[in-house]
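2 protein chains.
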Amino acid sequence: MHSFKELLEKFHVHFEMSLFPATPQTLYSPANYFLSIGGKRIRPVVCLMGNELFDAIIDDSYKVAVAIELFHNFTLIHDDIMDAAPLRRGMETVHTKYSLNTALLSGDVMLIRCYDYLNAIQPALLPHILHIFNKTAREVCEGQQLDMDFERRNDVTLTEYIEMITLKTSVLLAASLEMGAVLGGASERNCKHLYEFGRNLGIAFQIQDDYLDAFGDPEKFGKDVGGDIKNNKKTFLLLHALEVASPQTRKELLRLMQENPADKVEKVLAIFRECNVESWAKALKEKYFNAALQHLEDIAVVSSRKKQLLEVAGFLIQRDY
Amino acid sequence: MHSFKELLEKFHVHFEMSLFPATPQTLYSPANYFLSIGGKRIRPVVCLMGNELFDAIIDDSYKVAVAIELFHNFTLIHDDIMDAAPLRRGMETVHTKYSLNTALLSGDVMLIRCYDYLNAIQPALLPHILHIFNKTAREVCEGQQLDMDFERRNDVTLTEYIEMITLKTSVLLAASLEMGAVLGGASERNCKHLYEFGRNLGIAFQIQDDYLDAFGDPEKFGKDVGGDIKNNKKTFLLLHALEVASPQTRKELLRLMQENPADKVEKVLAIFRECNVESWAKALKEKYFNAALQHLEDIAVVSSRKKQLLEVAGFLIQRDY
Numbered sequence: 001m002h003s004f005k006e007l008l009e010k011f012h013v014h015f016e017m018s019l020f021p022a023t024p025q026t027l028y029s030p031a032n033y034f035l036s037i038g039g040k041r042i043r044p045v046v047c048l049m050g051n052e053l054f055d056a057i058i059d060d061s062y063k064v065a066v067a068i069e070l071f072h073n074f075t076l077i078h079d080d081i082m083d084a085a086p087l088r089r090g091m092e093t094v095h096t097k098y099s100l101n102t103a104l105l106s107g108d109v110m111l112i113r114c115y116d117y118l119n120a121i122q123p124a125l126l127p128h129i130l131h132i133f134n135k136t137a138r139e140v141c142e143g144q145q146l147d148m149d150f151e152r153r154n155d156v157t158l159t160e161y162i163e164m165i166t167l168k169t170s171v172l173l174a175a176s177l178e179m180g181a182v183l184g185g186a187s188e189r190n191c192k193h194l195y196e197f198g199r200n201l202g203i204a205f206q207i208q209d210d211y212l213d214a215f216g217d218p219e220k221f222g223k224d225v226g227g228d229i230k231n232n233k234k235t236f237l238l239l240h241a242l243e244v245a246s247p248q249t250r251k252e253l254l255r256l257m258q259e260n261p262a263d264k265v266e267k268v269l270a271i272f273r274e275c276n277v278e279s280w281a282k283a284l285k286e287k288y289f290n291a292a293l294q295h296l297e298d299i300a301v302v303s304s305r306k307k308q309l310l311e312v313a314g315f316l317i318q319r320d321y
Numbered sequence: 001m002h003s004f005k006e007l008l009e010k011f012h013v014h015f016e017m018s019l020f021p022a023t024p025q026t027l028y029s030p031a032n033y034f035l036s037i038g039g040k041r042i043r044p045v046v047c048l049m050g051n052e053l054f055d056a057i058i059d060d061s062y063k064v065a066v067a068i069e070l071f072h073n074f075t076l077i078h079d080d081i082m083d084a085a086p087l088r089r090g091m092e093t094v095h096t097k098y099s100l101n102t103a104l105l106s107g108d109v110m111l112i113r114c115y116d117y118l119n120a121i122q123p124a125l126l127p128h129i130l131h132i133f134n135k136t137a138r139e140v141c142e143g144q145q146l147d148m149d150f151e152r153r154n155d156v157t158l159t160e161y162i163e164m165i166t167l168k169t170s171v172l173l174a175a176s177l178e179m180g181a182v183l184g185g186a187s188e189r190n191c192k193h194l195y196e197f198g199r200n201l202g203i204a205f206q207i208q209d210d211y212l213d214a215f216g217d218p219e220k221f222g223k224d225v226g227g228d229i230k231n232n233k234k235t236f237l238l239l240h241a242l243e244v245a246s247p248q249t250r251k252e253l254l255r256l257m258q259e260n261p262a263d264k265v266e267k268v269l270a271i272f273r274e275c276n277v278e279s280w281a282k283a284l285k286e287k288y289f290n291a292a293l294q295h296l297e298d299i300a301v302v303s304s305r306k307k308q309l310l311e312v313a314g315f316l317i318q319r320d321y
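In the order they appear, the protein sequences are chains V and B. The opening position of the first sequence corresponds to residue 1 in the working numbering, with each subsequent residue numbered one higher. The opening position of the second sequence corresponds to residue 1 in the working numbering, with each subsequent residue numbered one higher.
Heads up, some of the hints might be wrong.
[Claimed, not checked] Pair by pair, the computed Cβ-Cβ distance ranges are:
id : chain 1 : residue 1 : chain 2 : residue 2 : range
1  : V       : R189      : B       : K233      : 58 to 68 Å
2  : V       : K97       : B       : R189      : 45 to 55 Å
3  : V       : K97       : B       : N290      : 43 to 53 Å
It is worth saying that the hints were derived from the structure and are not from the lab. Ideal Cβ positions, reconstructed from N, Cα and C, are used throughout, including at glycine.
Please build the complete structure, drawing on both the sequences and the hints.
What follows is the structure, given as structure tokens:
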């Protein structure tokens, strides 16, 4: 069994080779540029972990892990266009550094390249892996579309938001684990539990992300706290506050969102506190985190093999606040 | 053996079913809209013909044909964004009717959907079909990138242009035929000949398209004649004229391209005639068309089976001017 750090190093051996042809350089160097700006590589590493939970890692898992990370980066390149984001991890986004057309086409070719890596695995496993991959890829697009739709709506419910977040971010984490499990020869039941572990963990992570954006310690969080509030982003916190606030407080919250006064962040945070959003979010995060742990528990392998995945879960879900 | 028209009807039975989930409607109805505006469906039909050249059409061929047509439409949606084209077949393009973000994401999900249809074929054929499909998809992106690169260059050679055209348009026609042949159980040698038939036919078709844009009868051609000249598009004709013109005529041609005078089309056409571009283009088209026919001839099946493909070739390459 290997730690996250060890598997990350093993993955990098496969991911740092040239993943694209040399020419046309105008098409492939933007793709290589974007891959070079890094990332935590959580999804490909948990794919390897999903394999190793059941058996020694097979070569095919590295190919699937590369496809997963390429897919994730494809979504980021295109999302950055849709969000008109100038920066990603402190570096210029592809459409900013090159052009919209280049970012569009480099993203397309990155998505196509995923399927080359998938097609390199043993044929006996290909239809199953391709099925999970395609379903997940489609769901990620659906999540992105819902996210854009929600920006223009003021009546988004918490249930809808959880569905959107599940599609946009959790299913890829879940499917990465599941594909690893399939490659490791796991039973269907075990595969499903591992998928559900990832799905619930992903939702817990997103709740935490929303929470930290409002209440986090800027030094620890490393982001501009209150960014979601400034941008009227429909987060877990905002949607809950809109649901539980008194009619008067709700009206005030909507006014702040519309008028964007200078003290908006401060005032919205005060409303969040008034609505007990803080303790509610913590409890909701715990609920999903515990559901994730229960699914991991339910997987029929000796608990010593689950240690690395438990560590990853603990690393993603911080409990020190 | 079936005619183009008969196979088109058979294809439509598979293609006119709902190819996407119902929701999110904001993601899938733009995709359905674009498919509804039609098209000649040449590529999926020649895929079926490639199968039938060797054996009775199998169900898998319809799935691959759907994937091919979805892929072609995906490229059109994204190309229309890159070209900022307001209309396609007289109808609004997706980014015009909806938005850039919607067109981007609907295109993405259409590409992903291709792989669902590919994954529905029998597993024994999947790796081979996926290999051809992925390679071709990558090449089509490369061709689009080269096309955009060439817009900003004034030193594009004819050889480079033929490479670009081959990637952007011919390889998909060629691969559609080849995948059909693979599904029909053809030998590797026969598959390659059929691929080369399609590749050469595609180039001949493009030469004809460039020719008709300059010298065609507007009534028959159905397009605004001279459009390529107005837009300084680097066509077969222009690149040849730039190569063979005297230094003085070349200078005049470049001046016309730069200054865009009112009588530009007329004057450029006069230069084309002076350079014998017309007969040169006809001869070049014949060269590629004959190469295509030779590859069809070289396929080891009785000639009576080749009748339908010969008719398609004759239909694509008109000889009445």
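Verification of the supplied hints:
Separation of V/R189 from B/K233 is about 59 Å and conforms to the stated range, judged on CB atoms against 58 to 68 Å. Restraint check, V/K97 to B/R189: a C-beta distance of roughly 46 Å satisfies the suggested window 45 to 55 Å. A beta carbon spacing of about 46 Å between V/K97 and B/N290 agrees with the range 43 to 53 Å that was offered as a hint.
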